[in-house]
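> Spelled out, the chains give:
4 protein chains.
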Amino acid sequence: MLRPASIRFAPAIALVTLFGLGEVGAQTQTSIDPAGSAAVIDDIVTGSRVLADFGVLDGFGHVSARDPNNPNHFLMSRSLAPALVTAGDIMEFDLDGNAVDARGRALFLERFIHAEIYKARPDVMAVVHTHSPNVIPFTISQVPLRAVFHNAAFLAAGAPVWDIRKDFGETDMLVRNPAIGRSLAETLGDKSVVLMRGHGDVAVGPAVRMAVFRAYYTDVNARLQSQAVGLGGLLNFLTPGEGAKADAVNFAVLDRIWNLWKMRVTTTLAK
Amino acid sequence: MLRPASIRFAPAIALVTLFGLGEVGAQTQTSIDPAGSAAVIDDIVTGSRVLADFGVLDGFGHVSARDPNNPNHFLMSRSLAPALVTAGDIMEFDLDGNAVDARGRALFLERFIHAEIYKARPDVMAVVHTHSPNVIPFTISQVPLRAVFHNAAFLAAGAPVWDIRKDFGETDMLVRNPAIGRSLAETLGDKSVVLMRGHGDVAVGPAVRMAVFRAYYTDVNARLQSQAVGLGGLLNFLTPGEGAKADAVNFAVLDRIWNLWKMRVTTTLAK
Amino acid sequence: MLRPASIRFAPAIALVTLFGLGEVGAQTQTSIDPAGSAAVIDDIVTGSRVLADFGVLDGFGHVSARDPNNPNHFLMSRSLAPALVTAGDIMEFDLDGNAVDARGRALFLERFIHAEIYKARPDVMAVVHTHSPNVIPFTISQVPLRAVFHNAAFLAAGAPVWDIRKDFGETDMLVRNPAIGRSLAETLGDKSVVLMRGHGDVAVGPAVRMAVFRAYYTDVNARLQSQAVGLGGLLNFLTPGEGAKADAVNFAVLDRIWNLWKMRVTTTLAK
Amino acid sequence: MLRPASIRFAPAIALVTLFGLGEVGAQTQTSIDPAGSAAVIDDIVTGSRVLADFGVLDGFGHVSARDPNNPNHFLMSRSLAPALVTAGDIMEFDLDGNAVDARGRALFLERFIHAEIYKARPDVMAVVHTHSPNVIPFTISQVPLRAVFHNAAFLAAGAPVWDIRKDFGETDMLVRNPAIGRSLAETLGDKSVVLMRGHGDVAVGPAVRMAVFRAYYTDVNARLQSQAVGLGGLLNFLTPGEGAKADAVNFAVLDRIWNLWKMRVTTTLAK
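Residue numbers (numbering that gives the first Met the number 0), protein chains in the order written: chain P, 0 to 270; chain X, 0 to 270; chain R, 0 to 270; chain S, 0 to 270.
Chain P with its partners taken away, still in its complex shape (with noise of 0.2 Å):
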């Protein structure tokens, strides 16, 4: 039996068994939830959850991908605490921000950091913005982050800082409008992750499982780099060399800690 998108799932925190979205998905026909977006939309879900348990998220920042069916478009969730979003929250839009089926629902006012990302950048499929408390205080440094291990080794190719002031002046912080976002993105250039100064970072990726991977490894990064900063004298970063070779790796073992994350969020659901 079909059940309409809007009560699929509870409101709140409800008793989900997440790993069925993809069969429930693939029998629906609904323009949140055309065949082969159920995939993504469970990764946004199980991301913004995983990310929230470990304190990468608290009750801001969000987690998007790409439209699979519509590269010109991308998927997020409508404004919602991160530890709360269900497949029923997640939104289209397209590359300038607008939402294409709104149904007065509150849109998170930073959309722009996603969609001016994918608009310049055709390679990447998800993107994560946190307030990640470990890389925050790189954000306002003059000390860079740098890979210190081989689970951050996408860090090696730099990791810049975007300071909003520089452009805008004094401003809210906020990420409010598609130049703001565009400006962001331009600092971003290539590379998989950029810093905002006073605020958070953006991490990036070819996949929803691998962009939620970047932002928990550069928090996790940040802790240990800052740990070593304290213990003074040179320290011994990897090279871009390493970073791009063990980066390719990560990607391929991507899935053993993705399912012991999953689990975990599905289980702490079904408590």
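Simulated from the structure, these hints should not be mistaken for laboratory data.
Treat the hints with care, as some may be off.
A pair holds if it fits inside one copy or across any two, identical chains being indistinguishable in the list.
Taking lysine-lysine pairs in the BS3-like style, the calculated list, with each CA pair at most 30 Å apart, reads [as the list claims (entries may be wrong)]:
# : residue 1 : residue 2
1 : K118      : K165
2 : K118      : K190
3 : K165      : K190
4 : K118      : K244
5 : K244      : K165
Mind docking chains X, R and S on chain P? Use the hints.
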């Protein structure tokens, strides 16, 4: 059916559905729960438990609100660990710190923190006093606490340190009378947060939710600033202009994180 | 109906209602549970679990109390991880560290810490030995542990560091005989806390609850002092005069936090 | 009744009573569970979960044991997150890292860490490889990891840092063949722990429980040493003589903390 206030909640860790408090309160007419104050009492209870859950409050500290029905009174728990506060524990006080209807209940020694701030600051509707662990190092340091990121934007206006020894010599460190409370309120001035040397801090706001939000993000900001200082070199803090703008946005999106927090402490209660 | 002490509690993680212990004890007349000592035994059990819950104790360390019925004896668990201690595990020892009624049970090697302090300090009614993680760095450092905030007021009188190597050369670091215990007790002197180089610390007090309180806040204070030192510059510690006054208040309000802690470990047990 | 090995344990988070494993194993005769190895397999499963529970292991890393029935073989899980390892996942390998009976199961790329250490060190009965977060900063620092306290006594003999780049140039950082494993084993020498630059560490021991104990306390010691270094000034580490004596005691009291750990992960499983 009306139940007397004293048995509305079990005295200890009760299976309270906090969400229903507003309606229940609206049906009762007692001196501690007049129409209109139930929502504020609910926020005091929720805020106390949220801050205890985060470790910002341990067994000590307190959350209060100006009485919405009488600006010359405020509402605050009887002497009790914040994690255990329920609506039935909230008492009413005048601005000299006298309990309106004590009925033999033990009072917090430091209620004068609250009384004197409400007296000095008509704009303040809520006060939170904590022994916030990440903030305490700044209370004994010459390094001022400054706004590291936009969620702690309210710190960009400055967070002065009050030293009880300056006016009162060697004491037991407690704000145990109106004169000491007045001295603290004077150092707070028009700011949102005041640090107390060798003791903790006080956060104020235009609503309980905002004072709790500020108490929480003062702790987070202190932790991040400590990490940033450890990296060495110059740091790029929020300007006062950025702080004022970002604080207004925080107030606007506050309910997104408040609802998450409330759900968490309610779920914990119901387990 | 009287049950023998050995089966009063299940040996492992049992669904014990700690609150009922006093009454149960009052009904039994055995050498390990004379009338009057049941409340003290309950505090040893609760304190062991509280400190384990906070990570101040891990699998090692111990909480003891002077026997309220015999000042020349003390009460302490058989050799067991503190998180698992129940009332049935508490044994009685004389001040030379001999078990009064061993019945083949394994003893803590380091019971001489307790025996020698009870011998040297008639005012001490309880002793806690931990490998408190935040304190251990101070045991190998030249930076003295000092009172950062009023909850750790007892540190304002000083917390000396004892180095076993000074009198005993290269050992296995353990206080495994009366002579080593005496050396430790001498360094403790009239203070509340003594640090043990490369090992941990000992906190004492006029009651189990106060010794546990001090063990906990010694750990918290060490963490906060480490953070404060990291900020750089001069630090403004509590004076001895402030410390003495604030410590008296801590003793007066101790039960507020003790009741919270006890409820927590009891709830954990009952889950 | 005998059940085939493949269904003895549910594949995911199962309600396994780890304590019964020995008896079950004694009744079966399969190539992965010969009489005598069941207790070792139980320790591998318990140790994997304990280290995952402490965050010493995340989704990666592994625990192995020399086969008690064949010193030229070792036992290790198929490729799986350590938190999910059950007895049914343990496979048998020869000292070249070949699986004795692969049956299509995915293997850990880095099994050569284990194979080459068992080859080089006949005294080693267990090997643990982690990305221990507190240790990683020391792998890129010039500050050597040293024994801060007696539970980490095994570090007093030294913990060398191995840099894969020295012999193998820019790699993906993984120990993916016997030659790299041999290089690592050579740097380990006769020590208990070797650090891997930009990667993690390896702890070895005369039994699984001791290798797990050392992996855990290497992480704790690294955290405490980082804090101690942050205090500034000279530090008073354990001497090699103290380390040797204290390590012998640790081995003697090991089961006290092992039983606590095992109870914890078993309780978690059964929830």
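> Should K118 paired with K165 be assigned to within, between, both, or neither, using CA atoms and 30 Å as the limit?
Close inside one copy (22 Å), not across copies (42 Å); limit 30 Å.
> State whether the alpha carbon distance between K244 and K165 is at most 30 Å within one copy, between copies, both, or neither.
between (34 Å within a copy, 17 Å between copies)
> Is it within, between, both, or neither for K118 and K190, if the alpha carbons may be no more than 30 Å apart?
within (15 Å within a copy, 42 Å between copies)
> Check K165 against K190 for me: Cα-Cα at most 30 Å, and say if that holds within a copy, between copies, both or neither.
Cα proximity of K165 and K190: in one copy and across copies (20 Å, 28 Å).
> Under a CA distance limit of 30 Å, which applies to K118 and K244: within one copy, between copies, both, or neither?
both (27 Å within a copy, 29 Å between copies)
The structure fails none of the hints (numbered hints given earlier).
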